[in-house]
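Residue numbers (my numbering), protein chains in the order written: chain A, 71 to 296; chain B, 71 to 296; chain C, 71 to 296; chain D, 71 to 296; chain E, 71 to 296; chain F, 71 to 296.
Think of the hints as simulated: they come from the structure by calculation, not from any bench.
Keep in mind the model is a prediction, meaning the values are calculated, not measured.
C-beta: ideal position from N, C-alpha, C; glycine also.
Where hints are given, some of them may not hold.
As the list claims (entries may be wrong) - Across the chosen pairs, the derived CB separations fall in these ranges:
1. Ile243/E x Pro103/D: 47 to 57 Å
2. Leu106/B x Glu143/A: 25 to 35 Å
3. Gly230/C x Asp111/D: 32 to 42 Å
4. Gly102/E x Pro118/D: 18 to 28 Å
5. Ile243/C x Arg91/A: 50 to 60 Å
6. Asp111/B x Ala167/C: 53 to 63 Å
7. Ala142/E x Ala167/D: 31 to 41 Å
6 protein chains.
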Amino acid sequence: MPDPGSIRPARILVINPNSSRTVTAAIDAALGPLRLPVGPDITVTALPEGPESISSQQDADRVVMPLARRIAEDSADAFVIACFSDPGLQTAREAAAGRPVMGIAEWGILRALTLGERFGIVALSEGSVHRQRRMVRQMGLGERYAGSRPVEARADETVGEAIRARLITAARILIERDGADAIVLGCAGMAPHRMAIERAIGRPVVEPCQQAVAAALGAVLLREVP
Amino acid sequence: MPDPGSIRPARILVINPNSSRTVTAAIDAALGPLRLPVGPDITVTALPEGPESISSQQDADRVVMPLARRIAEDSADAFVIACFSDPGLQTAREAAAGRPVMGIAEWGILRALTLGERFGIVALSEGSVHRQRRMVRQMGLGERYAGSRPVEARADETVGEAIRARLITAARILIERDGADAIVLGCAGMAPHRMAIERAIGRPVVEPCQQAVAAALGAVLLREVP
Amino acid sequence: MPDPGSIRPARILVINPNSSRTVTAAIDAALGPLRLPVGPDITVTALPEGPESISSQQDADRVVMPLARRIAEDSADAFVIACFSDPGLQTAREAAAGRPVMGIAEWGILRALTLGERFGIVALSEGSVHRQRRMVRQMGLGERYAGSRPVEARADETVGEAIRARLITAARILIERDGADAIVLGCAGMAPHRMAIERAIGRPVVEPCQQAVAAALGAVLLREVP
Amino acid sequence: MPDPGSIRPARILVINPNSSRTVTAAIDAALGPLRLPVGPDITVTALPEGPESISSQQDADRVVMPLARRIAEDSADAFVIACFSDPGLQTAREAAAGRPVMGIAEWGILRALTLGERFGIVALSEGSVHRQRRMVRQMGLGERYAGSRPVEARADETVGEAIRARLITAARILIERDGADAIVLGCAGMAPHRMAIERAIGRPVVEPCQQAVAAALGAVLLREVP
Amino acid sequence: MPDPGSIRPARILVINPNSSRTVTAAIDAALGPLRLPVGPDITVTALPEGPESISSQQDADRVVMPLARRIAEDSADAFVIACFSDPGLQTAREAAAGRPVMGIAEWGILRALTLGERFGIVALSEGSVHRQRRMVRQMGLGERYAGSRPVEARADETVGEAIRARLITAARILIERDGADAIVLGCAGMAPHRMAIERAIGRPVVEPCQQAVAAALGAVLLREVP
Amino acid sequence: MPDPGSIRPARILVINPNSSRTVTAAIDAALGPLRLPVGPDITVTALPEGPESISSQQDADRVVMPLARRIAEDSADAFVIACFSDPGLQTAREAAAGRPVMGIAEWGILRALTLGERFGIVALSEGSVHRQRRMVRQMGLGERYAGSRPVEARADETVGEAIRARLITAARILIERDGADAIVLGCAGMAPHRMAIERAIGRPVVEPCQQAVAAALGAVLLREVP
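Please model the entire structure based on the sequences and the hints provided.
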């Protein structure tokens with residue numbers, strides 16, 4: 071599908087599976103530094119079929135087939151699923167027919183593995199905590215997982231200033247009580263807070279959308295290598 | 071240290087800890103697709119103090135302090151240690167004082183985690199196999215590790231055509247007997263064979279230098295994000 | 071929803087997420103011994119929206135929302151999802167609003183844990199093998215898992231006599247080469263072969279639908295206990 | 071040994087390895103819902119050779135040979151060892167010559183795996199906590215284990231009302247501090263408190279004797295299946 | 071209990087839980103190098119109540135209480151249980167009231183951890199293999215365990231020359247097929263073959279009675295340290 | 071290399087990789103009970119090239135090559151590396167050419183595995199805690215590891231009386247909050263406090279230099295066994 075000989079530049083499509091405009095805009099802003107003059111185009115889109123916030127397993131499962139269809143029909147060179155549940159990641163890969171599909175939880179966590187001994191996740195809610203435990207087990211990374219701590223918020227609330235203090239508190243508990251030494255932000259819209267939290271806790275904080283798109287960028291650049 | 075406003079562009083320094091020119095040249099060639107017109111400069115250098123091939127734990131440990139000194143004295147914005155033993159990765163990070171340091175084993179393996187359920191490593195020698203088992207345990211990734219299979223070669227032999235058939239055989243055994251479904255090339259100089267092995271075995275094959283430099287590229291681009 | 075005071079007896083609904091009549095009939099026959107004169111009613115139904123065979127992750131994900139709707143709308147006291155991918159198990163539990171939902175992979179594997187040190191799974195295809203590895207990791211049971219071996223068949227082919235020899239061969243390889251000492255049949259329609267395989271290999275063989283329904287039976291009987 | 075054609079109905083023998091009448095009576099009462107008009111007979115008996123309470127490893131080991139003898143000499147179709155140390159489970163299986171033997175810790179824990187991400191155990195004493203850690207490791211279930219919390223009581227004290235508040239406190243600590251989301255009662259006599267604890271903590275609470283006998287019921291019903 | 075000031079020298083009692091004189095004599099001979107002129111006395115004794123060979127879990131469990139009684143009644147300063155099932159190790163520790171009790175499987179395996187990346191065990195029989203898997207899981211050492219391979223012999227047959235070739239074959243399979251790089255002899259009577267196997271396979275071979283007694287020696291010498 | 075027939079007695083060389091005289095003297099004193107009239111000679115030496123305290127990964131890596139040279143040039147029969155980072159253990163083994171090399175962290179931890187279900191480590195500093203987590207993962211012992219707690223001291227401060235209360239506090243937190251039931255002292259100079267801490271917390275406390283030297287003693291005595 072990628073067609074290096076044509077005029078069309080390579081393109082990375084970032085899909086926010088919820089339909090919150092606030093979150094989509096926050097993701098888009100977070101990706102600025104990865105947009106290079108001659109690099110791949112990076113587009114962020116919401117999934118119209120998605121709920122306002124993905125807060126149950128049913129919310130996550132509900133977007134899988136629409137996501138797969140979107141990917142199958144789009145000519146992008148790589149895809150990023152921008153929800154920390156990584157909904158339908160394997161099905162999306164089947165639908166992408168060989169083109170890279172990156173999950174933000176996956177890449178937020180993998181990057182954290184290189185920044186500390188044990189990562190902790192700032193989670194939206196108690197329900198997310200349980201899903202994250204299942205996800206970390208599925209990834210086979212339990213030995214590096216300090217835990218998740220919830221801030222009890224909806225996805226779209228994570229963007230604003232009001233939540234920053236709670237995010238810092240959760241990160242601090244992960245460091246001090248749970249033994250984390252690197253933090254992953256467990257929602258797609260938390261990028262505006264990354265640096266403030268890092269400064270507050272004195273340990274690396276990973277924004278997962280940035281990591282997944284950076285990984286997609288690398289994969290797109292490397293695709294034609296013999 | 072990165073200074074986007076100045077004239078000096080960002081720079082990634084890739085250090086080959088062995089002193090083999092053949093391997094250094096092969097690494098350099100493999101990184102072509104990651105060199106963007108306005109992107110960070112990517113330089114590959116050998117470590118003059120390094121041995122011809124790193125084939126024992128002592129070889130790996132011997133290069134740690136020279137590597138750390140090289141990193142401490144260099145003004146690069148990010149570093150890649152281009153030897154599959156990831157020698158001195160933690161010490162290099164201490165020496166880099168906050169600038170990213172990526173190991174090629176680390177990133178080759180992390181990328182493989184996103185391409186299959188269990189990764190296998192094509193290793194240089196039986197000795198490397200033992201060291202890789204220890205490394206994978208240290209990373210806490212044993213649950214995803216199918217195993218390593220040696221081709222019994224020195225680092226500089228991996229570049230030429232002569233070894234390709236043995237690399238394919240090792241990869242095939244990892245798939246068919248050990249249950250791997252993604253392969254990591256366990257030496258810095260194997261890039262010229264990546265695509266041929268992938269075609270021969272029908273499963274993803276990861277070249278670790280490319281992955282570590284792609285990760286360094288992402289880290290450099292994202293450093294200024296608030 | 072269960073209403074012990076009414077005349078209606080308790081009811082367990084077994085849903086075959088694929089639409090194969092052959093498989094549905096095989097499941098129904100396998101459950102005979104669990105139908106007690108005054109025990110809960112056990113009904114087996116196919117999911118009309120399901121594909122003929124679930125052989126990709128997309129097939130599995132496609133049935134999740136229809137399954138969840140079916141469960142939410144049905145007044146049964148307990149549910150069994152009769153596909154070895156346990157598609158949508160967590161979402162089904164959310165939809166069941168407290169009523170038990172059992173997965174056949176889950177219960178086939180749990181029963182096997184009590185019959186040997188390491189279980190092996192006779193899988194439909196190479197693709198199922200990969201999904202089973204992911205599932206076993208997600209369950210956190212990797213230490214007890216000897217592996218999966220495929221017979222390369224569709225779900226509806228597993229019912230007939232023609233496949234028995236291949237099932238026995240796969241089970242034998244799991245025992246002799248992979249170190250399993252208990253076998254789980256990795257598809258809903260293999261019940262007619264259970265005893266023949268057990269006799270051939272001399273080790274316990276678990277039929278997963280029977281185990282999940284037995285578990286549902288226990289859960290239904292125990293629900294009213296103070 | 072089961073003989074469906076004869077007049078004798080199938081029989082499940084539940085053996086309480088301690089000699090406490092209070093505990094034996096509590097177990098017997100807890101099994102009421104599993105006694106079906108035409109189902110297998112369920113008999114609960116104490117082991118006369120057993121101590122009043124099993125509170126050391128020596129107490130547990132002391133009952134193994136008497137248990138094995140009892141099982142070898144009894145014509146029951148299935149057995150349940152009703153002590154949360156699962157004393158002599160493997161030896162009992164050898165003695166049962168193919169008839170099912172279920173341990174209550176084993177089945178309490180397996181059932182909990184289907185009700186949450188991480189189970190916690192309400193333990194009798196600090197000593198039991200250590201034995202439970204060893205047991206959970208032996209089962210290979212450490213990834214799902216949140217921990218055990220002791221109430222510091224003897225087995226026969228667990229039956230009465232006086233202990234309920236301490237059981238609830240221990241369960242709550244397991245949920246809130248240790249990250250459990252399903253609770254297993256770690257002693258055979260705690261059934262009278264199950265529902266009260268469940269209501270108090272708002273998460274599933276598993277009574278292990280009920281689960282082991284339910285599993286034995288399923289195994290007995292399924293034995294004749296071809 | 072140790073009383074360095076008195077005339078009685080410290081004493082280590084090695085108990086062979088089976089009653090085979092051949093095995094007891096082989097153990098005794100293997101311990102020669104650990105008998106120092108002024109060091110602790112090292113006595114080897116068989117357990118009269120023990121069976122000829124411990125080849126089932128029931129055999130292992132049967133000796134636990136006699137072992138515990140023997141230990142409680144003996145004034146030795148440390149004990150070694152010289153059967154590779156480590157029968158009753160925890161109960162023996164309770165009975166020893168603070169005096170060290172060492173298991174030979176435990177110490178054979180711990181020593182092997184320092185000699186290679188993955189240990190393999192030469193086992194007596196297929197039944198021992200299953201028990202060893204359970205034991206290694208209970209020790210939490212599964213990540214370092216390559217596997218066990220049986221020679222299908224009784225304990226007393228392991229002493230003679232006839233079995234040497236089979237022991238070497240089993241060790242070689244553990245190295246070449248299972249990926250072990252250190253071997254543990256899985257029975258108390260195999261000491262006479264240790265060096266011959268080591269020479270044949272070119273990797274370290276551990277005799278477990280020697281290791282357990284060496285550990286007991288260290289523990290006895292260190293007991294008086296403030 | 072050991073030559074039992076010659077006049078020269080066997081010799082164990084204990085190398086303290088830091089250059090602190092206080093720590094070297096504390097190690098020497100702790101080994102008194104292992105010095106037997108006719109046993110191997112036990113010599114403790116500091117590494118002149120070592121830093122005052124090993125408190126970063128770079129400190130640990132810096133001593134590896136000097137350690138390896140010292141070992142290669144010395145005729146001792148066995149070596150002990152007396153720093154809890156076990157710096158260069160594998161390289162030291164290569165340099166020792168078959169002679170045993172024991173690490174104190176390794177043996178302190180292995181001994182603790184036989185004294186409780188979960189070991190905890192009293193660490194020098196927060197930095198050591200992170201290195202210990204990596205080391206325990208590399209050993210594959212995470213399932214038995216309760217955690218590490220720092221006292222925030224330099225190596226040479228651990229010898230004096232002033233620190234005892236902080237050591238006891240750290241050990242107590244490991245027991246009460248982290249679930250340890252055996253404690254390892256995480257620095258070479260803490261021997262003078264061992265018994266006092268053990269008495270204060272009522273659980274076994276392991277001094278790692280003593281354990282490593284005891285293991286070296288056993289290895290030296292057993293080397294000549296056929």
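Structure-based check of each hint:
| no. | hint | verdict |
| --- | --- | --- |
| 1 | Ile243/E x Pro103/D: 47 to 57 Å | 51 Å, holds |
| 2 | Leu106/B x Glu143/A: 25 to 35 Å | 29 Å, holds |
| 3 | Gly230/C x Asp111/D: 32 to 42 Å | 39 Å, holds |
| 4 | Gly102/E x Pro118/D: 18 to 28 Å | 48 Å, violated |
| 5 | Ile243/C x Arg91/A: 50 to 60 Å | 54 Å, holds |
| 6 | Asp111/B x Ala167/C: 53 to 63 Å | 59 Å, holds |
| 7 | Ala142/E x Ala167/D: 31 to 41 Å | 34 Å, holds |
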